Each structure stands twice: as structure tokens, then as C-alpha cells.
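Place chains B, C and D on chain A using the hints.
Chains as they are written, first to last, in the working numbering: chain A, 1 to 392; chain B, 1 to 392; chain C, 1 to 392; chain D, 1 to 392.
Some hints here could point you the wrong way.
As the list makes no split between identical chains, a pair holds if one copy fits it or if it spans any two.
[Unchecked claim] With a straight-line Cα cutoff of 30 Å, these simulated DSSO-like cross-link-like pairs (lysine-lysine) come out:
1) Lys390 - Lys213
2) Lys327 - Lys129
3) Lys341 - Lys382
4) Lys213 - Lys343
5) Lys327 - Lys343
6) Lys390 - Lys343
7) Lys327 - Lys373
8) Lys125 - Lys228
Quick caveat, the hints were computed from the structure, so don't treat them as lab data. Since the structure is predicted, the reported quantities are computational estimates derived from the model, not experimental observations.
Number of protein chains: 4
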Amino acid sequence: GILERLDAGEVVIGDGGFVFALEKRGYVKAGPWTPEAAAEHPEAVRQLHREFLRAGSNVMQTFTFYASDDKLENRGHTQRFTGQQINEAACDLAREVASEGDALVAGGVSQTPSYLSCKSEDDVKTIFKKQIDVFVQKDVDFLIAEYFEHVEEAEWAVQVLKTTGKPVAATLCIGPEGDLNGVSPGDCAVRLVKAGAQIVGINCHFDPETCVKTVKMMKEGVEKAGLKAHYMSQPLAYHTPDCNRQGFIDLPEFPFSLEPRILTRWDMQKYAREAYNAGIRYIGGCCGFEPYHIRALAEELAPERGFLPAGSEKHGTWGSGLDMHTKPWVRARARRDYWEKLKPASGRPFCPSMSVPDGWGITKGHADLMQQKEATSQDQLKPLFDRADKGL
Amino acid sequence: GILERLDAGEVVIGDGGFVFALEKRGYVKAGPWTPEAAAEHPEAVRQLHREFLRAGSNVMQTFTFYASDDKLENRGHTQRFTGQQINEAACDLAREVASEGDALVAGGVSQTPSYLSCKSEDDVKTIFKKQIDVFVQKDVDFLIAEYFEHVEEAEWAVQVLKTTGKPVAATLCIGPEGDLNGVSPGDCAVRLVKAGAQIVGINCHFDPETCVKTVKMMKEGVEKAGLKAHYMSQPLAYHTPDCNRQGFIDLPEFPFSLEPRILTRWDMQKYAREAYNAGIRYIGGCCGFEPYHIRALAEELAPERGFLPAGSEKHGTWGSGLDMHTKPWVRARARRDYWEKLKPASGRPFCPSMSVPDGWGITKGHADLMQQKEATSQDQLKPLFDRADKGL
Amino acid sequence: GILERLDAGEVVIGDGGFVFALEKRGYVKAGPWTPEAAAEHPEAVRQLHREFLRAGSNVMQTFTFYASDDKLENRGHTQRFTGQQINEAACDLAREVASEGDALVAGGVSQTPSYLSCKSEDDVKTIFKKQIDVFVQKDVDFLIAEYFEHVEEAEWAVQVLKTTGKPVAATLCIGPEGDLNGVSPGDCAVRLVKAGAQIVGINCHFDPETCVKTVKMMKEGVEKAGLKAHYMSQPLAYHTPDCNRQGFIDLPEFPFSLEPRILTRWDMQKYAREAYNAGIRYIGGCCGFEPYHIRALAEELAPERGFLPAGSEKHGTWGSGLDMHTKPWVRARARRDYWEKLKPASGRPFCPSMSVPDGWGITKGHADLMQQKEATSQDQLKPLFDRADKGL
Amino acid sequence: GILERLDAGEVVIGDGGFVFALEKRGYVKAGPWTPEAAAEHPEAVRQLHREFLRAGSNVMQTFTFYASDDKLENRGHTQRFTGQQINEAACDLAREVASEGDALVAGGVSQTPSYLSCKSEDDVKTIFKKQIDVFVQKDVDFLIAEYFEHVEEAEWAVQVLKTTGKPVAATLCIGPEGDLNGVSPGDCAVRLVKAGAQIVGINCHFDPETCVKTVKMMKEGVEKAGLKAHYMSQPLAYHTPDCNRQGFIDLPEFPFSLEPRILTRWDMQKYAREAYNAGIRYIGGCCGFEPYHIRALAEELAPERGFLPAGSEKHGTWGSGLDMHTKPWVRARARRDYWEKLKPASGRPFCPSMSVPDGWGITKGHADLMQQKEATSQDQLKPLFDRADKGL
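For reference, chain A alone in the conformation it holds in the complex (with noise of 0.2 Å):
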């Protein structure tokens, strides 16, 4: 069990962010962000999975990021397979991958268009009771409350999770800043833990330097309360040093052109570290990451964890493969210190290094926030275009 490896002491190696890997392979809608592809088009997650088990993941985490009834149903967007169909399927395809090696599987609950708008404790929690409920019979191994801007509705998730009797982890979505209502990251840690999880961390929304930073202060938070916790930090693969306090969602790149920011493999390097450094023992990521970067973190965790992974039989350490390139210029470069010292240019002159984040401070409990099931109008975005354009 999850408790149990990392009460040994051992690392465990998360997997990464799904709904932008097959966003980028044709499976997954950018804006509704849901995983209907785990009943759709299994072959392509099943193979996502494998790439993730292969480059060291002990995760084998159900595709079911915003597979909540509530959020399926949300914005005009029509759906050809129920919520539990989609779970259901999730579920069997993390189980089927996780058997071909070492791995455990995880059900995930992520927050609810219900809690934005306003919606009671009881019908929120009935949300993710729905979820659960499948995650128990298909008896998952354990379960993973994430992505959540307010730590109230984590804590509602959490309190929902631990009637299963399984271990459970939480993240929040969130910077040093703290929660979207201004509850600091050492107090959302310790409300969590107080609310029963285990596991508890940050996922998505800033990239592994502020993440690791982030539950740092979870942890400096849990500790001086007197209480026991395990840590997990999921970053992006973005670097994101120009975020304010929502994150990368604010990023005027987001979601379409964040290319230019994507960490190489040897950034990930120095992030797995940070993160073993940092106490943090369960280390994976979330969204912009790929196969390579998942097993960027085994590699440079073997010293601890003893071996590499099955992916590594396909990758020399540190670029030395390139000892057998063609041109001797480039069997140079087969060496950890040219890499580590790499200042990788953009090739994008006309381009600038930072950008200023949208975000038009506001959050849970404005009106321009309440979700609708309806699609979005032309009349609806006009006014937001314009605004968007004078802000520019």
C-alpha cells in the first residue's frame, strides 16, 4: 500500500497530468478538460499509462480528472457516456496497466463546478460521493483529492474520501499566496490533515520550483501544529516565475501557447532533488508533463531508490546515448556538465521572457463565476472579449 512505502521511507514516483498529454494526442477537449476517453478511446489511454509505468511511475492514477456528474454535464457540452461509465472505465484501464509492473492504483476526485456556484455542503459532497462509489467496488488502491483552489471544498472531499476506509491524499492547487480566499498553505495542510488525509501536497497551477516552496510551508505548517503528515507535489511542466495567485490559468498562454515554457528533462532533474531535498517523498507532476519527464525523476532518484526505470533501457544517463551520434560535435555534448550548464534559448527573439497574467480578481462566490449547463453564447463572450481587449 501507498502508507506503507512511504512510511518505509521509500520514494514513490507519481505519474503525469493527463488532460494535456491527450489533449496533445487528439483525445481530450481543451476548456472542458474532461476524460470521456477512458470509455471512448481506451487503446490511447491504456497506452499513456504504460508510457508513464515504463518511465518509473508507482502510480496508476484513474483517468478521471473532472469526471464529476456536475462538471460532465457543464457548459453545453453533451456527453455519449454516462459519469459512471467513464469512471468505471478509468478505473479498469489504471488497474489493467498497473498489473504489468509495480504500481498502485489511485482514484482521483478534482473540485466541482457545484462548490463555484455556490452550492450546499451536502450537495457538493453528494458529488463526490458519486465518484467514490465507484472507486470502492472497482476497489482501488487509494484515493487522491486534487486540483482545489478552497481548501473548504479539499477539506469537504476529504471528509467524503476517508468513509471509504482507504488512505487518503489531498492537494491544492496553490502558490505560496495560499488558498483563492487567502488561507496560507500551512493552515490549508493542517485543516486537511485534521480533516483525515495522509498524503497532502500541491498539484498543478505553478511549476516545481514554487510547488516544492509551496509545500515546504505546508509542511513547516503541519509540523508546528504538532501533527504527522506524508508530502506529494505534483508541479506543471511549465516554468511559471510571472504567475500571481491563480496560476498558470492566468497566464495569457494558457492553455494553447505555453510551448516555449515547457521544462526539459534536466530542469526536472533539479526539481525531483529539490523535492527529495525538501522531505517530500511522493513526486510526480501534472499537467505538460510527458514520459521522459516522469522518468527524468527516476533517474536522478536511482541513487535512493536503487534502480532505474524500464524507460532508461532507451535514454543514457545525463545525454551520454549521444556518444554514438554521428558528428563529433555532438558526441561533446555526452556529459552532465554541458547539460546542467545549458542556458536553452527560445529561438523566439521577438518574444519576451515574462508575461502579465490575466485574472480579474474575483473568485468562489462572484457572479461571473457561477457555472452554467447551458452553452456559452455569443452575447455572453462579446462582452468579455471586450473587456479582455482594454485590459491588453
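Okay, now just chains B, C and D, sitting in the frame of chain A:
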């Protein structure tokens, strides 16, 4: 057939590069860059074929890059599969997926270590012949000689390919400065057409802007010579404004820190339009292309082709899917105008926007470029490291 | 007098930094940074005073930076003039030009090698006393203690300056993190006001944005303590978003490659407005400021001051002079909107946009910072070069 | 005389551009760019001459740029001084300062609105003649025809200058693409030599790298034509890798946001060496050059010239003066190796590194370029603003 389509004025969408995409997925080793995965991990290769098909590709190119026997034996890289096994498996996979949609199968050969090591014309042609035999036996629809730095070797390849009676396309990996012996793009194209290629163009080594410019020069050369041909381009998905004659191989970021240079889908739409305007009708990609890049080509040229690719089921044209996003300021990005004007930031303020290429000013014939079968020794690497460090 | 003007709510425009401007003109040596030019090349100093006066400065600050006797003898730098001669000449030049317009003369003292070398309070105060004696004899209008990294030394200076009965301004060269002993800007300001300064603020070491932010923190501290003061800012004319606590000294570009960081006149107008909005009424500049930068401050605050500076005779507000340019597309730049939106390119695609500062984590009290009179020997430099190279 | 020096193989160091330097000091108005300050504020012009002399200049060029009568009357700019007064005052100042050191006086003429407005050869020559009369009367040492975009007008100028019997230098403000009518640099140079110029070269509009490259092309042209000449270069002190044929005028940053492009002193030493290696012996500067830039040229070529300039009294070669800096990590920068390798950051992470030039594809003969005496009206400006905004 491919010629019927091109003769009819159709746009043919190519696929993207397999070695880079599969390297990130854990199935190809950077350095040797050989395609043994076709035999070793067919499910991964099949899935990538499917993603390109779904993205709109009309051609499934066999994953036989560098699958010549002399390359497979190169530099201490031991193989579990014979060249024949790899070539056969690649043909079967391409055909299997092509049959799932409207696609042709193209058998591909590429430049050889034998040529670089100054072997005779007969020796080099024998190498090509072995791959061709498999393509004939597996009855591919047409043949592509691609990724040649010296037009002479490409001519030899075309001559061998022509013996099959199948249509032949030939692409060089050169830029406006011409091949590594200084033959201009126009002259190169004329020689390839005279050797028997019906389709000529450029693949790899340079970004779309450079490739389109170079194909234009080829077209001018062919027309000036009173010849006729179809034109194709399969560029990198990396911005390379800072390349010298040898292309991205010589950029210090090659191959492990190219991330900041990756093109966005909007960059790709611009490429598709410029290629089309230049009279290129076989429009695809090479290293760095992911399925969503190919889809962007198919979406840009949907008016000309009359349909969207299957993968657009999961993509709102020009970001329109964002009208379903949770936050109103992200919904304000659901429009063409927004994405066309955006200058995406790198998130890397400590990095430059252009690099100075390596490249030691040598080409075929120089002793430093003689290839060997044995693994490169530390004694061989040490002087390369020293030379590179002094050059920095 | 200065206090009458500030008490009346007037905006006082300061001058720019003399050492950097005169270094570029060939009269100050970078490294020692001493002001012997006041005696040696009075025509150059007089001309710079005149240009600042013409640009709108209300204060002619004596060119007596680092003109303490202990600094003038520092590190093997031999002088043809005594400290007294330099201080006297500087007073005469300032007074001569001030009389040509509406300006006051301010005598200035700055931090001393004696303090850094841990000399006693009495020793340090004796150093200041020698400069003050000249200022009293030459009857300057008020006094400025500027460029202090440690608030303690600034307090000592203020105490000496107060003995003259003249108004005293005191500025530190610190940022939001406080002085080099970690005293916060708010606490620093309170200590300076209690020591007797009527005007407090920040000069040098950081860009305008950072300086205004820091003065705001000083103002909050002073107001929270129930005290009263006037506020001044004299920042760098260099963008320094990447500075650590020690400011631009620690940037690798200091002092000979700062050019790409130089503020435009439009950046300066933004600074003037932000300083004014923050309640700062003594608004000037320091290193990097050229006369046109000061003019930009005076032009931005012309509505508040009721007049344009003399130098605006040769400047069209917001680029309006371009309506006389030869080429119509340059005439199209004759407007505020154009210049405010422009993001100026560096023309340096091989350079980054931010640097990692040096700074060896030491301050007053550390042996490495003890100052010496003898020239630095090669034996002393060698270990510094080695240490720096390893740190790169 | 200038020819004796050049014939003897001496390096002649030119001065820097007066209009830009004096604009920053408050004595020249950007837009008209006229030199009335020679008569209006002689102390400012004299001081700048002195600084260049001290920095190592061997030539004091009269501050008579755009001092032709037709330009002085241009676009509603009213003058308190006649053209003759300005030209006379400029000659006197240049001679006065030249006498203080080892410098020659050069009288300068530049392109005219009359030519751009398609006036006749006679009309244009009459304009030049009026300036020349003053130069002859004041007995300058030689003449320079500079800043011509069309070689035809430069030829006319040279023909007029030749009538004086004094040595004549002629520089165009063009790049490798040639003059605005498309005449190549080589052909331009041949025409200027045939018209009678003994010294030919390039000034303004492009950075040193581009100018040296263009002068090389001129030299090749002259040598190929079997002619002889001396060569000179007086480039910008701004990096302009992104210019089109019209040079920095067309960069969106011209003229008020060029700061990030300013060359460092180390960039200048590189320029001096490259110019020298290209066979250029008259090496100076134009817009953007400050005295310390000229000093850098003189320091780089001190081995060839046999002495350092007077201004080096205040400058340690290659940063050696920093061995006297207070902080040891700054003393570690007192060496050539450090400054040569440094890639200076812009401190502007929100800005790009290159720009897209304006330029509406028109030149002499187009109605939009006809010059007028009356001030530009708002009615004339409005369509220019609109056109520019659409182009953005």
C-alpha cells in the same frame, strides 16, 4: 496513389517525426536514433500512427528511419532484431493503421554511415537495396528518400528506389545555403528530378519558415530548368532562426533542451498557409511534431481540403473550445484574434533567445566524420569535450 | 529653503548621479569613484550641473560623493588634491550654477571605508565632521547624508549634520529587505527621523520601482511610529528586477555592462508619477541618470509644478517633436499612446533578460571587507578571480 | 593633413554623433535634429568636443549636421539663427577645441530635403555650396559628405566639395542591401571615388557589425574596379540585428526607446578590432556614441597607435580600475576575461530581444516623402496614426 492525388491538386497532409515523439514516450534512444521499437514495442508505434491518422495525415510513413543495416550496427549499439525484421514490422504497422482511414503507406530510406565514411556508390546502393526489397515485398504505396545532407547520396537513393516502379519522393535536410558540399537548393532539386523523383522537397533540420523558403528555391530551380515536379515540406517543429548550414543538429540545445523552441499550433497554421501559398501540396512535419501539430495543418487547410480531421472532434478551431472554460477571462481567449497576436513568453528570464551554433566546419570526407562500429571510448571522448569547452 | 518648499507641498526635482555620468564623459574613474574632477576639471562638472538645472533640477548637490579623507586615500589611489580642496571646489561649482536658476545647494556626505573597517563611532564622525566644516563655511542651503548600506552609520552622519543647524536629508541605498544588518525600511526610517533628519528616503542601488516601494515602507514605518517627515527617492536609471539585497553592485553587469538596463524617458515619466502618488515630493535620480531623464521627471510633473523646465525648449512632450521627421512612418510615432505601449527590444538575442547576482553573503565586520590604503596586489586578486570563476 | 596620416598607415579615430548626445543633454530637439546649439549654447557643444578629444578623437567634425538652409526651414521649425551663423559658430568651436590637442577640423554636409523633394541637381548643389563657402572661409582641414541614403545625392555633394581643393571623405548611411535605389555598396563606393572622394565608407543607420561588413563590400568594389581609396566607418552605438534596408530609423524604438540597444565599451573594443582587421583606418562613431565609446576605440587600438588617450587617466583598461572597489566580489571583475564573456541582461523580462521594423516601402520620388516648410497639421497626422496602428 500519391501522384494521382497531387496531380488532381489535392493537399496531402504528411505525418510528424517518429524518432523524437517516441523518444519522449520512452521507445527510441537519442544518439543512435534507430527504429527497433517497430519490432520491440509495436503497440507504441501503432498508437502514434493512429494519432497522426486521426490528426489528418494522409500518409503513414514506415518507421524505418536509420533502419539500414550499416546504421543499425553503428557505434556499439547492439540489436535484438535484424534490419529485415525491423523494416518488415514497420511496414505491417503502417499498413494496419493506414487501412483504418484514408491513408497511403510510404516506405522510407535515409542517409547512411557508409556514405559519410566514403564507401563506394555500389556499397551505398546495396545498403538501400536491402531496405527496398522489404518495401516491395510488403507492397508499400510509394517511396520516400529523406534526410540527406549531400545531394549525391540522395541521387543514389532515388536511382535505387526508381527500380521498383513505385512513385518516388526525395527530401533533403538542407537550408537556403544548400547541401553540405555547397550545391544550391535549386541545383539539388534539378538533380533529384533528373534522377527520377516525382516529388522533391525538404525535411528536418530547419524550422517551417526556413524550409518553405528553401522549397521555393527548389521550385524556382526546377521551373527554370524546364522540368516539372510536385513539392513537399516536412520541417522541424522547433524555431531555428539561429541555425547555420547544418541545421538544428549544431544548435547547442540539440537534442535535449529544445523545448523552448517548440512551435505552437498557431505557428503551425501559419506554416501550413505559407507552404500552401508557395505551391507546396505535400505538407507534413518531422522532428518535434506531435499529433496536435499535424492537426493544426489539417485545420488550417480545411477550407481547401473540404473537411476537418477526425481529431478535431476534440478541438475547437482557433481556441473556440475555451468558451466552456470555468473562468470568464479564459473564455475571453476563445477567438482567433487573441491567439494570432500573442507573443508567447518563455518563462525563462535567465536564458537567451538565440544561440550560437556549434559545427566544426567539416563534412563528408573529413577523418573526424568516419563512422565506426565500436562504442566510442572515453579516450575518444576526452579530446572532444576539451575542444568543445574551449569553443564556448 | 528646502523645508519651506516641501512644507508648502511643492514638488522638488533632484538631480542625477554625477559619478556615472562623468565616468562616461571621461572625468571619473570607475572603481575608486572619487570626485577629484571638481578640482581637476571644473568645466566638466559645471556643464553637468547646468544640464541638470536646465532639465528641471531644483537642487544642485555638491559633487562630494566619496570625498571623505579616508576614501580619497583608499586602495593606492593617489590624489593631486586634498579632500578640503575637492569639497571646496565642489561647493563653488554648485553655487555658481544654482545662481543661474531656481535651485538650492545641498552638501552631501556618504558612507565611509572607516565604518566598514569597524572604526569607532568617534572616528567615523570625525570623518564626516571634516566635510561638514567646508559645507558650513561655504554656506550650503541644506545637507544630505546619502548612500548608506547600514542605518547605524547613517544615524551617526545625521547626528553630525544636525550640529550645523541646517535642514538634513538622509537616504539609504537599501531595498525592501532592509539594510545589510537586516533592519527593515520602516525601522530604518524611524531611526533616521529620531536622529534628526527632516527628509528621509532611498537613493541608488535599485531601480525606481523598487525604490518607490521601499520609500513607501519607510513612510508606513514613520507614520506608524507617530512621527512626521518628508520623503525623497533618487533611484538608479537601470532596471534591476533581478537584484538581491545588495542591489546593482552585485549584478554581474556592474558597472561596465549595464547599458541594456538603462531606463527610457517614458520609464522615467512612469516613475515620477508613481513616486508622486506614493507621497514622495523630493524626486530625483542617482547612477545612470542623464539630464534627459531628469527632464522627463519635470515634464511628467509639469501639471503639478505649473511649468516645463528650460530644457523642454528642445523636447516635444511625448514625442510630439517627431511630427517634423522626414519620414511619415516616423511622424506616426509623434504621440503618447505609441510610446507608452512600446516594449523596447534589446537588439541582443544572445543575451538573457535577467542575471543571477553575485554577493558572497558577507557584510560589515567580515575580514574580507576590511579596507586598505595600499593598492590591491595580484596575489590578493588571484584568489578572488578563482572564487568567482567557480561560482559561475 | 588627413590624407598624410592615412597614407602613412596611421589609425585615425573619429568622434561620436553630436545630435543624439546633445539631445540627451538638452540642446538638440529630436525630430528636426538641427544643430542651432552651435550658436545658441556654445558651451555645451564645446564641452562635448572636448570630451571626444580627451577620449582620443583625431578629428573635430563641425556640428553642422542638417545645417543646410532648406533643412533649417523645414516643417515649421523657426530659427533664431541663420544657417550661416550656425555654420560659422560650429567651425569656430571645432577649431578652438582641435587646437587644444592633436586634432583636425572637418567640415560636414549631409543629405537635404531638397533632394528628397525631387529638386534639380543645380538646386541641391546650390544648397551644399552655401555651407561649403563657410568651411572655406573658416579654413577647415578637410570635408566630409555624410549621411546620404541615395548615392546620387552623395555624388553631387562630393562634386561640390571637390571644388574647394580640400580632401574629401564621403559616407553613406546604407547597409549590405545598398542604397535606397538598390545600388550595391560596391557600386556606390566606386561612384563616390570616381566623383572625387579620397575616403569612402559608412556612417549611421546600422550597428558596427553591419557597417564593417558594408565597408568591406565597398572596399571589394573599389579594388575590383582597379581604384584606390581610404576607408572609414562611423556606425551607431546601438545593436541593430533586426534592421531592414532603411536602418534604425525604421525600428519601432527610434528615437526614444533605443536604450536597451546601447553598446557597451567592450562591444566597442570588438568593433575597433574588426574595423581595423577589415582594413578600415578612419574609425569613429555616430548616433549613440558617448565619449567613453570613443575612448574604447582608442584603447583597443592603443598598441597600433602607440599611446592611450588622455581620458584613460580615468579608466583602467579592461576593468582593471575595479581592483580598488570596496567589495571583493566586484574586485573579481577587474580583468578582460570577465567582461569579454559576459552576456549582459536587459533587466526587461517583458520585452523582446528583436523588433519588426516599420518602413512603408517607399523612397525618394514618392509623394509621401515630399517635404514641406509648414508645421505638420493634425489632419496630416491622423491618417499616419491610423495606418501605423493597423500595421501593428
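Results for each hint:
1. Lys390 - Lys213: Between. Shortest inter-copy distance 27 Å satisfies the 30 Å Cα cut-off; intra-copy 34 Å does not.
2. Lys327 - Lys129: Result: close only across copies, 25 Å inter versus 59 Å intra.
3. Lys341 - Lys382: between (47 Å within a copy, 18 Å between copies)
4. Lys213 - Lys343: both (23 Å within a copy, 29 Å between copies)
5. Lys327 - Lys343: both (22 Å within a copy, 28 Å between copies)
6. Lys390 - Lys343: Close across copies (17 Å), not inside one copy (36 Å); limit 30 Å.
7. Lys327 - Lys373: between (58 Å within a copy, 14 Å between copies)
8. Lys125 - Lys228: within (26 Å within a copy, 55 Å between copies)
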